[in-house]
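> Below, each chain spelled out in residue letters.
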Amino acid sequence: MATQQEERKLVFPGDLIAEGDYFAGENTFKRENRIYATRIGLASKDGRRIFVIALRGTYEPKVGDTVIGKVIDIGFTNWTLDILSPYIAILNASDVFRRGFDPHRDSLSDVFGIGDIVLAEVAQFDRTRDPLLTVRGPGLGKLTKGRLERITPAKIPRLIGKKGSMITLLKNETGCQITIGKNGYVHILGKSREAEELVSLAIRKIEAEAHIPGLTNRMTEFLRARMKGSEDKER
Amino acid sequence: MGYRRIDGRAPDELRPIKMALGVLDKADGSAYVEQGGTKVLVAVYGPREVHPRHLASPEGSIIRCRYHMAPFSTQERKNPAPSRREIELSKVIRQALTPAMFLELYPRTTIDIFAEVLQADGGTRCACVTACSLALADAGIPLKGLVASCAAGKYQDQIMLDLNDVEDKGCQADLPVAWLSTTGEITLLQLNGLLTEDEFREALSLALKGCRQIYEIQRETLMNYYMAPAKELVSEVGQEGSK
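So the sequences go chain by chain: L and R.
Using the numbering used here, the first residue of the first sequence is number 311, and each one after it goes up by one.
Using the numbering used here, the first residue of the second sequence is number 5, and each one after it goes up by one.
Simulated from the structure, these hints should not be mistaken for lab results.
A virtual CB, placed ideally from N, CA and C, is assigned to each residue, including glycine.
Incorrect hints may appear among the rest.
Stated by the list, open to error - Here are the computed distance ranges between Cβ atoms for each label pair:
id : chain 1 : residue 1 : chain 2 : residue 2 : range
1  : L       : Pro448    : R       : Pro75     : 52 to 62 angstroms
2  : L       : Gln434    : R       : Lys213    : 43 to 53 angstroms
3  : L       : Lys455    : R       : Gly41     : 50 to 60 angstroms
4  : R       : Ile190    : L       : Leu458    : 44 to 54 angstroms
5  : R       : Pro20     : L       : Arg514    : 27 to 37 angstroms
6  : R       : Phe106    : L       : Asn402    : 27 to 37 angstroms
Unchecked claim - Partial list, derived from the structure: chain L residues whose beta carbon lies under 8 angstroms from chain R:
id : residue
7  : Leu320
8  : Asn343
9  : Arg366
10 : Thr368
11 : Ala464
12 : His521
All chains, please: the whole structure from these sequences, using the hints.
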């Protein structure tokens, strides 16, 4: 653990990360055998590959990502959703009304209205086209209960933690169901409002401290102290 | 004692500089730069959707930059409508930043930069370039390096760094320069007035020296900003634990 944290150095655009026989991964570029950072983040190494885990930035859709979007418009054959990215996402009606969608008979607004929050997956995306979503899949569809929190998309890997350690911790300590959209929306569904609020607070704390070592330990301490506090109040 | 200027500086001395990051909540990235009496505020939005749509390019992101002087930024009230000069400076600032950016990464999007001069005391375009580059970094937009900018000039037959408003108004020549940290490229070079070839070389090397100093301050500002909130929150969590 200690060695890995030492490796993760905070870098800024134009900072020299490594020199020699390396190749440039995400958020870096190579110039005359030198690897430089292009974004603010934590420099890391994976074999010969040097990359930077960005701390700031917008969401860039990737095929297969689970995202949470807000319906902003209804067309004749599709919905448009805001997924907090530079690109507006499209959800086709044929994806929802499986066998043969008939624009005369089926009403799109009966399924998703403007302002509805939808859990979906990115089905298609490339440089030339806007991202296409799908709601076919287990658990995908409209979200009707719970609370929605936002986090910088670049910090979602920290919210999930190594092999899901951080998110498991949050779920276990608070008893809430947490669904992370890769685009930066997090859906929280808990037994009480207090528990949901605690998760919101924890997410904001993770966002602020994402680049400081020892995050998981501090979060455990924080959650336990808060949970204990609320139990004491109940008595 | 050597040559002293009207504000007591040595010829190769910058004015006192203050920088701040993340000063605007709603912008994706923002920065504030104070260089002597010059004060500028920059907001960056994007990459985001382009409106009107026809401006979008499938080859990459476009940059839209607006340099604007607040009506209260000068001695006499300035008409808030964009002047010929402001339109030119918007273009010049955009061109000074473009070589540092990887525009092909975000096709069909725009990066919008708003640079507002709150107080003008000479060297506003340079202060804006410096602030824009910080704000772009703060917005998480990929950059080849930071762009630092500074002017040199000739006032009362003396080549000097970072002219203030008085020197700027009475100067024989003014040479704003922007410099890209990683490649050493000069991304902005303008010259108003007359310089001999030797004077030009002297002024350019002086301006580049100034840019390097400004770059160091930019880095320090980034470092302080990204390490500071950590300290506060760590101590807060520490208190939680002890309760």
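> Compare the structure with each hint and give your call.
Going down the list of hints, with the structure as the test:
At roughly 58 angstroms, the beta carbons of L:Pro448 and R:Pro75 sit within the given window of 52 to 62 angstroms. At roughly 52 angstroms, the beta-carbon separation of L:Gln434 and R:Lys213 lies within the given 43 to 53 angstroms, and the hint holds. Distance hint for L:Lys455 and R:Gly41: a CB-CB separation of about 56 angstroms, consistent with the stated range 50 to 60 angstroms. Distance hint for R:Ile190 and L:Leu458: a CB-CB separation of about 47 angstroms, consistent with the stated range 44 to 54 angstroms.
Checked against the hint of 27 to 37 angstroms, the C-beta distance between R:Pro20 and L:Arg514 comes to roughly 35 angstroms, which is consistent with it. For R:Phe106 paired with L:Asn402, a C-beta distance near 32 angstroms keeps the hint of 27 to 37 angstroms intact. Among the interface hints, the one on L:Leu320 holds; its C-beta lies about 6 angstroms from the nearest C-beta in chain R, closer than the 8 angstroms criterion. Given hint, L:Asn343 at the interface with chain R, is violated; its Cβ is 13 angstroms from that chain's nearest Cβ, farther than 8 angstroms.
At a threshold of 8 angstroms, the smallest CB-CB gap from L:Arg366 to chain R is about 3 angstroms, leaving the interface hint in force. Taking 8 angstroms as the C-beta cut-off, the interface hint given for L:Thr368 holds, the closest approach to chain R being about 6 angstroms. A distance limit of 8 angstroms between C-beta atoms decides the matter here; for L:Ala464 the minimum to chain R is near 6 angstroms, and the interface restraint holds. Using the Cβ-Cβ criterion of 8 angstroms, the hint placing L:His521 at the interface with chain R is satisfied: the shortest such distance is roughly 7 angstroms.
The structure fails hint 8 only (numbered hints given earlier).
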